[in-house]
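Undergrad: Please model the entire structure based on the sequences and the hints provided.
Protein chains in written order, with our numbering: chain A, 1181 to 1757; chain B, 1181 to 1757.
It is worth saying that the hints were derived from the structure and are not from the lab.
Watch out, some of these pointers could steer you wrong.
One copy or two, it doesn't matter: identical chains are merged, so the pair holds either way.
[Said to hold, decoys possible] Derived DSSO-like pairs (lysine-lysine); straight-line CA-CA distance at most 27 angstroms: (1) Lys1192 with Lys1303; (2) Lys1306 with Lys1602; (3) Lys1736 with Lys1677; (4) Lys1667 with Lys1605.
Chain by chain, the residues:
2 protein chains.
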Amino acid sequence: MRASRYLIATQKETPADAEIISHQMMLRAGMIRKLASGLYSWLPMGLRVLRKVERIVREEMDKSGAQEVLMPAVQPAELWQESGRWEQYGGELLRMNDRHGRDFCFGPTHEEVITDLIRNELKSYKELPANFYQIQTKFRDERRPRFGVMRAREFIMKDAYSFHVNAESLNDTYQVMHRTYCAIFDRLGLDYRPVEADSGAIGGSASHEFHVLASSGEDAIVFSTDSDYAANIEKAEAVAPAGDRSSPSEEMAEVATPEQRTIEAVATFLNVDASRCAKTLLVKAEEDDNGHSGLIALILRGDHTLNEIKAENLPDVAEPLTMATDEEIEQVVGCKAGSIGPVNLTVPVIVDRSAAHMVDFVCGANKEGHHLTGVNWERDVALSRVEDLRDVVEGDPSPDGKGTLEIRRGIEVGHIFKLGNKYSKAMNATVLDENGKSATLEMGCYGIGVSRIVASSIEQNHDDKGIIWPDAIAPFEVAIVTLNGHKSPSVMAAGEKLYEQLRQAGFDVLLDDRNERPGVKFADMELIGIPHRFVVSERGLTAETLEYKGRRDEDKQDIPLAEALPFLISASPRNGL
Amino acid sequence: MRASRYLIATQKETPADAEIISHQMMLRAGMIRKLASGLYSWLPMGLRVLRKVERIVREEMDKSGAQEVLMPAVQPAELWQESGRWEQYGGELLRMNDRHGRDFCFGPTHEEVITDLIRNELKSYKELPANFYQIQTKFRDERRPRFGVMRAREFIMKDAYSFHVNAESLNDTYQVMHRTYCAIFDRLGLDYRPVEADSGAIGGSASHEFHVLASSGEDAIVFSTDSDYAANIEKAEAVAPAGDRSSPSEEMAEVATPEQRTIEAVATFLNVDASRCAKTLLVKAEEDDNGHSGLIALILRGDHTLNEIKAENLPDVAEPLTMATDEEIEQVVGCKAGSIGPVNLTVPVIVDRSAAHMVDFVCGANKEGHHLTGVNWERDVALSRVEDLRDVVEGDPSPDGKGTLEIRRGIEVGHIFKLGNKYSKAMNATVLDENGKSATLEMGCYGIGVSRIVASSIEQNHDDKGIIWPDAIAPFEVAIVTLNGHKSPSVMAAGEKLYEQLRQAGFDVLLDDRNERPGVKFADMELIGIPHRFVVSERGLTAETLEYKGRRDEDKQDIPLAEALPFLISASPRNGL
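TA: Right, here's the structure in full:
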């Protein structure tokens, strides 16, 4: 491509409303432009990257045996009513009416449509397993779209859905998809981690997220220092402290703690560490058979935080997790939230594993402005129910017994999920099994945020000059910059010749033949992030050399004009392919 | 691809609600499935065709110098309000509200979005001309979606928009796009015609439609027998009859024609040909400066039909064309519509070119139940205004003076259009010209109905067994059918070997390794329309031969096993590439 005939829409200024690096750089490098909140146009330079990501995803999905389809973006409400999601799905579902007043939505995902297709199309276990995918524009009406294409409303997703006659077959395809996702993210040159994710709400038996590691990531992910263990913070198990609980050494005593309403305040007031204070949270319980919903107390160590997903997944806790109101607490306990504790509490108590190891601890006295000190489990208060209730913290032991946990920030770019029969059951999607009996299909679903990957890659690959694309998804692999080519026919001719030579060798080449100052051209090529750069100049031609600089290189180097192609081949990852 | 691991979703029955061949065959061959009215899922087999069409369109657009972009499908109302189309566009525009209640639409076209993008991005004539295109899912809420993907609500379109500092530059790019479209439709193997189209309503200076010729086409297109002249019926000029009008030979006389209200009835009643009767139509005139809208009479030969576009394009006729009501006719003329005529009519009269050549003709007497015979222009009624008002008919002389006109049915698959400054003026899209002055951009737009092309190709390429794809867009170029391969390891091995050989030579191959009867496999491959078919059988292997049959061939032929690849290469159009 000749830059003189191409939209090089670079900008010097960092856009004021772009918070994260990838958003800033995609705007500055002329990759995207905002149309409206959460809606972006892809300019030619950005679209080249997006298409290369798509191609890698497509090639690996095809290799896995998945079959590409394309379903409509606009979906009829009837199918969503059948699955129950028309009511359940919140404001993110963009609903609309057609000219006849019928209800439709702009699909954020396609479980219903594919399940409808497959229940009509497949009749026998012999046609299974089958895995169908599409690469398609989706819409989620995010309450607060942000970070450019990272969390846009309209975005491109690869979504796949697999169908099985039993759970073993689902498991096999799930493993294939896990490996396929690793192959995709490897080829994309991303530093990523597959992590265990919670699958409780949908009732499936397994779920993994694929996270790109980046400080701007919106998710916390957890690794072991010494093993492959990795999970997102919602899922990561906090194991019980080793050994037995120590024996009590203090007597329980009541102390006045006027106006001390938080753990921090109480700990400071009583001069103890927060880890020696018990945090008591009252939440709504599941309704009983009479439709009555009481409260449940959750006890955590004062320095730990409640993991809402873990709490919500407990059968006796109401879902979604709902904190008791101030009125309910007053009514049930007789004091404010800051003074409650497990001793003599009249509601069921569930104690976190770490909290269950506390000795001689402090807790609220269930009496306004008073706490108890020297409290001990069993002696002062029963310990009937211990569960994992908290978020892990750095340094916790890894659940697999190997090493300790580290916490990093991640950007979710993929998610694989065993759906089980959630949709197939609701929508009556069955086939005949080996015995000629009707079997409800088992399903898996597998998503990749295609447009988000473009931004994620930039979060991991940039410097103060701009983007540093991996060769595999760079808009152009190599730039040829002609210096003053408009004044020097020999420079332009040498640039053109090199351009044709590299193109014919299969490289994506941008010939920067613009009538611009050298500094402007260099800055643009660096901002755009092209991995390899050749400079053609009169000085160089005299010596029959070109200047080369890799985007990550500190220094330039002169190479013989005749060696350009072999040099590029050796400098490019294609060399190893 | 192995058929045993692929969704071969063929059906024997012709679907009852599919009216045209392409819709029937796309369903029967397992290319598409209906989700809801005008919404179709593309199954793997159909998507392969769609992607090949896309690729050809993309390659030729790239070659033309156009740059690919991708704009959001969801568009904010504000831009459409700026262009004035938010109000003008009818029920086809799918409008919706986001969670904050803001107005959006699902884009049926992207003039507003691209004009907004370009007015912000381009500043100088030096950056022009520029042509941007996308291949994207569009939505038009058709009142009556029909014919499958031929007239669907959600469809895939290639839309391009070019920007220019003056009309000459627009003209150059328009010519490039005309040539590019011909290259695209040539490569797609379509029998098509570029035809002149009317561009009056948008005010542009030129417009061409590209029609695929097919009896199921919804449009009438017109050609010359002896030249390149082609136009759609709206645009095709009806030239004035050759020579001067003959002299009158009859006296004008009034005759009673009781209850004879149509041209046919009057002609029969008076025993004259319809071509000797004048048809008089009263339509609304443009409002005058006082806001008063009167009537205008349009006179046609009785055997001709009014061309509404031509009438509407006349400056003194109201747009859109509106027929006078019975009440208005009674009030102005004093009789019913069946008895009106130009003689002594009190409203302005515009006479069609052919009608102006009538001699001794019949027309209404402007008196209920009466007509005049022997009427002659000039002698009996003034002939002040002659225009081209009618649709051409077969046998009319071609407007370029060469040959006569033929009329065929066409499916519109492309449209190129000089928009001029319609959008750029409304949206204030300017650049600085060579003199440093602000110049409103000239624009062109260029559409191709990508998904419609798939159906159009089938309309032209099928027989009673199924589809006959051109090699360039066939889902697979060649099928290898193994006969009883599940029983014969040598047949399966030979099939696999041939499969790998042809694949490695670059062919798209479908290995039909299914455990099905030979007849089922042959019928499926023919229905799906794969251009080349090899059969591997035990009998053949004994003789070291394969059976070959081209999809259009009458007969099979045996070819030596070792010759399969060279034979295929010579049989395939790639041979000539």
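Undergrad: A separate judgement is required for each hint: does it hold in the structure or not?
TA: Here's how the hints hold up against the structure:
{"no.": "1", "hint": "Lys1192 with Lys1303", "in the structure": "between (59 angstroms within a copy, 16 angstroms between copies)"}
{"no.": "2", "hint": "Lys1306 with Lys1602", "in the structure": "within (22 angstroms within a copy, 58 angstroms between copies)"}
{"no.": "3", "hint": "Lys1736 with Lys1677", "in the structure": "within (22 angstroms within a copy, 50 angstroms between copies)"}
{"no.": "4", "hint": "Lys1667 with Lys1605", "in the structure": "neither (72 angstroms within a copy, 38 angstroms between copies)"}
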